[in-house]
Amino acid sequence: EAGVAQSPRYKIIEKRQSVAFWCNPISGHATLYWYQQILGQGPKLLIQFQNNGVVDDSQLPKDRFSAERLKGVDSTLKIQPAKLEDSAVYLCASSLNRPGQGRAGELFFGEGSRLTVL
Amino acid sequence: AQKITQTQPGMFVQEKEAVTLDCTYDTSDPSYGLFWYKQPSSGEMIFLIYQGSYDQQNATEGRYSLNFQKARKSANLVISASQLGDSAMYFCAMRGTYTGGFKTIFGAGTRLFVKA
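Quick note, the sequences are listed as chains A and B, same order.
As numbered in my numbering, residues -9 to 108 make up the first sequence, in order.
As numbered in my numbering, residues -13 to 102 make up the second sequence, in order.
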């Protein structure tokens, strides 16, 4: 079974530039998450999709971050304009069915996209 | 609001000994799930163990066990017979249901160092 795919693995940009990350979840996983992990910290949930609807985006800085999940499969996360403090690893994860069903809430993570903003 | 607290930034353990990593949580949901993930230096997140809030028995997965004390709202991870490959960051996570909005949130993590 293929895992969660993310690209690009690494990206270096200057502040005020834009960047986009792509995620393809495990086939059949209805729930998709984007987390931001700053070095030395735990992952912080940015946005959670159930199919192609947003479940939670309370911690997404909406003035600069946007995310979409078309057709309930792939997702993109965009940052425009980037700030120095956006330097982090952006982790995409997916889970089976609707969270709340026991271990079905287990998250499967991609390898992450490391962003450096200069 | 949901919250996960891991108070140990770093822990050392001698190879072959057992170690306990602490995790406390806060939620008003009657039903929730607790997870532990391992993140080696390579960066990938690896699922270790799951405990449901209504599970009567503590979860075990090989050398990993979860010491679940519901009244204390703690879910400590116990690693028995530590190995050098256990050196990594360990994150406690909680998935809420109703008031938690089905979100999965993570603690700040504990870095474990296994000494030979």
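No lab work stands behind these hints: they were computed from the structure.
Errors might be hidden in some of the hints.
Interface residues of chain B toward chain A, partial, derived using beta-carbon atoms under 7 Å [what the hints assert, rightly or not]:
#1 P16
#2 G29
#3 L34
#4 F77
#5 R81
#6 K89
#7 F92
#8 A94
#9 G95
#10 F99
Where is the CB? At the ideal position from N, CA and C, for every residue including glycine.
Taking the hints in turn, this is what the structure says about them:
Because the smallest distance between the Cβ of P16(B) and any Cβ of chain A comes to about 11 Å, over 7 Å, the interface hint for this residue is violated. At its closest, the beta carbon of G29(B) sits 6 Å from a beta carbon of chain A; the interface hint therefore holds under the 7 Å criterion. The criterion of a C-beta within 7 Å of any C-beta in chain A is not met by L34(B), whose closest approach is roughly 10 Å, and the hint is violated. For F77(B), the shortest C-beta to C-beta distance to chain A is roughly 5 Å, which falls under 7 Å, so the interface hint holds.
With a least beta-carbon distance of about 4 Å to chain A, the hint placing R81(B) at the interface is held under the 7 Å criterion. Interface restraint check: K89(B) against chain A, minimum CB-CB distance 5 Å, threshold 7 Å, status holds. The beta carbon of F92(B) is positioned within 7 Å of a beta carbon in chain A (closest approach about 4 Å), and the interface hint is therefore held. Of the supplied interface hints, the one on A94(B) holds, with its beta-carbon coming within about 5 Å of a beta-carbon of chain A, less than 7 Å.
At its closest, the beta carbon of G95(B) sits 5 Å from a beta carbon of chain A; the interface hint therefore holds under the 7 Å criterion. Taking 7 Å as the C-beta contact cut-off toward chain A, the hint placing F99(B) at the interface is violated, the least distance being around 15 Å.
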